[in-house]
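Below are the chains, spelled out letter by letter.
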Amino acid sequence: MEQALVQILNGLSTAGILILVALGLAITFGLLGVINLAHGELFMLGAYTAVIVTDAGGSTWLGMALAPLAVGALGLVMERGVIKRLYVRPFDTLLATFAIGIILRETMTLWRGGRFERVPNPIQRQVEILGARYSTYRLFLLALGVLVLGGAALVLYRSRLGRNTRAAIENREIAAAMGVDVRVTDSAMFALGAGLAGLAGAAISPLVSVEPNMGLPILASSFFVVILGGTGSLLGVAAGAALIGGGQALVSWFADPVIAQISVFLLVIVVIRLRPRGLFGR
Amino acid sequence: MRVRHAVTGSTSLRLVLGIVLLLLAAMPWLIDPFRLSLLAKAISFAMFALSLDLLWGIAGVFSFGHAAFFGVGAYALALITRDLSFPGNGWVGLVAAMLLPALLALGIGYFTFYGQVAGAYFAIVTLAVSLVLTQLATTWVGLTGGHNGLFPVPPLTLGIPGVAEFTFDTPTRIYFLQLTLLAIALVVSIGVVRSRFGQALVAMEGNESRARFFGYDTSALKLIVFTISGAIAGLAGGTFATIEGFVNPAVLGIALSTQVIIWVILGGRGTLVGPVVGALLVAFLEDYLSGTFLRVWLLMLGALLLLAVLFRPEGLLGTRKIRRLIGTR
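Going down the list, the sequences are from chains A and B. The first sequence begins at 1 in the working numbering and counts up by one. The second sequence begins at 1001 in the working numbering and counts up by one.
Hints listed in this document are in silico derivations from the structure and should not be mistaken for laboratory results. On a predicted model such as this, the values are computed, not experimentally measured, just so you know. Some hints could be false.
As the list claims (entries may be wrong) - Per the computed footprint, the stretches of chain B lying under chain A, defined by three or more beta-carbons under 8 Å from a beta-carbon of chain A, are:
(1) 1125 to 1136
(2) 1254 to 1265
(3) 1297 to 1306
Said to hold, decoys possible - Quick list of simulated restraints, FRET-style, between CB atoms:
(4) A:ASP181 - B:LEU1023: 52 to 62 Å
(5) B:LEU1103 - A:GLY33: 28 to 38 Å
(6) A:ALA4 - B:PHE1197: 51 to 61 Å
(7) B:GLY1215 - A:ARG112: 54 to 64 Å
(8) A:GLY33 - B:PHE1213: 16 to 26 Å
(9) A:ARG275 - B:GLY1215: 23 to 33 Å
(10) A:ARG89 - B:LEU1023: 32 to 42 Å
(11) B:TYR1110 - A:ILE259: 17 to 27 Å
(12) A:PRO122 - B:ASN1148: 36 to 46 Å
(13) A:VAL146 - B:VAL1141: 38 to 48 Å
(14) A:ARG273 - B:ARG1173: 39 to 49 Å
(15) A:VAL88 - B:ARG1210: 15 to 25 Å
(16) A:ARG80 - B:PHE1213: 31 to 41 Å
C-beta: ideal position from N, C-alpha, C; glycine also.
Build out the structure end to end from the sequences listed, making use of the hints.
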């Protein structure tokens, strides 16, 4: 019973991180039509922000606050410098972001020497839930995911920028004709997606080893989330994250984590076959 | 008819190709054995680049994890020739190195293409396949030897078992085997492109909806070309395994998938010959430069890829003339 509860909580806290990463991915893909293959590397840079801040004597919280800003700024540079030129050639954005991913990864390998680095866990305590002891920090991750999801919904559906963005997705030309500066919404959304990846990286950094290649597996998982949940729907992202995170935790309860990953992958393949637009896609 | 026209239409290019072939055949007498075995290995990469170009350049289906097929081919051949020493195991190894990746491609392709998984989504699925297989190869130590990999992979023995067998164990022998296989793969690929099936692929690459309106089953077209491409990639991986004498999870991994994309881009996608040249050229540069730039090699490739995408999307060597010769334009 306790074991089961811990596994469920593990799944949910993984889902919290996946929400953050996949949300950024879904925003850039669903809203801009850009598949950002450097998203995993932006996640990695978020984690490194936390490493650098804590190395310099700052707290993990400070790192977590600075990561989305730093990585979001980098996203803005990426969009302005590279992506903007490629909106007319959508496929090439795939290659370009892939190349940027390599550049970021290799730069960090050169700089940090490819060693594994750690960030102190800011909440060492554990809480007791129904008799099971559980890491408070992991619960915080789940809460963070839900909170950010709500925040994203607020930005998209309640703010002026969000309204302009939705108009630009619906019809770029008409929105531009109505006075929406679509270049601003493009840049803002790309930077927002990047910032979310940075936040996710910093948030997970106390629980994992930070190294330059940490972005690739999370990129794959969050793509699964987006594929399962369908693009352009925030609720779909949450449901997809819960399914992937929960599924991986559930299978790794009685099998090897690699088997868990493979079975999740097979599940995604089957879902794609049956529901190409995702489980919750319209 | 159109085939003959395409070939006779460009004598100068045929001349260049003839000289290149002659030069390649003379290589064993021009360079030292160590360089020759490097070149033989690079030919595996050239075949690998060819397989991706057939899929991506010709049919417009992009695979981000193409090393999955290369790696499965490498492991298949390594396991068979290392562990089973019955007569004719070289043939079985080569066939398995093509058959297993082809089946893998068939399986993945069936679920994705018939699920109408379009371009970018498909690319992500292949990326995930490559990641998952890498992890599988790392953790399933009993079969794959884990991180340490499989060794020694013996040299290939081909021929008629018990009558006329031949072991490819010197750099010159391996090189000529490689050159022959590359030539076969190239001829088969060009033949595929020039066939009715291949021309349908070219049409699909140009405009998929239009190809569908003309009555082509584009899902089936993609599935078939993906399977062929997987088989060629597997053959490339298998030959790589026997030359290297050793296989580890890196043959399945993202770095190799990245490199093959770069070779295709640099050579010019959709030209078949271009990516082969691209792979050989990059291998040459790597051998020449990596002493000084080993640590920044991937970084340089990434930067090169970004620059190529931004400023030369048709590839550095991709010319219209070569495309016409192959029959893709």
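Taking the beta carbons of B:LEU1103 and A:GLY33, is their distance inside 28 to 38 Å? At roughly 34 Å between Cβ atoms, A:GLY33 and B:LEU1103 fall inside 28 to 38 Å, so the hint holds.
The hint says 15 to 25 Å between A:VAL88 and B:ARG1210; measuring C-beta to C-beta, is that right? The hinted range 15 to 25 Å holds for A:VAL88 and B:ARG1210, with Cβ atoms some 20 Å apart.
Assuming the hint says 51 to 61 Å, is it satisfied by the Cβ distance from A:ALA4 to B:PHE1197 or not? 54 Å, holds
8 Å C-beta criterion, at least three residues: is the segment 1297 to 1306 of chain B covered by chain A: holds (count 7)
Counting residues of the segment 1125 to 1136 of chain B with a beta carbon closer than 8 Å to any beta carbon of chain A, are there 3 or more? holds (count 8)
Hint says 54 to 64 Å; check whether the CB-CB distance for B:GLY1215 and A:ARG112 agrees. 56 Å, holds
Range hint compliance [Cβ, A:ARG273 to B:ARG1173, 39 to 49 Å]: 46 Å, holds
How does the Cβ-Cβ distance of B:TYR1110 and A:ILE259 compare with 17 to 27 Å: does it lie in that range? 23 Å, holds
Range hint compliance [Cβ, A:ASP181 to B:LEU1023, 52 to 62 Å]: Because 57 Å falls inside the window, the suggested range holds.
Pairwise beta carbon distance, A:ARG275 to B:GLY1215, judged against the given window 23 to 33 Å: 27 Å, holds
Proximity test - 8 Å, beta-carbon atoms, the segment 1254 to 1265 of chain B to chain A, at least three hits: holds (count 4)
Taking 16 to 26 Å as the stated bounds, is the beta-carbon spacing between A:GLY33 and B:PHE1213 within them? 24 Å, holds
When each numbered hint is compared with the structure, no violation occurs for any of them.
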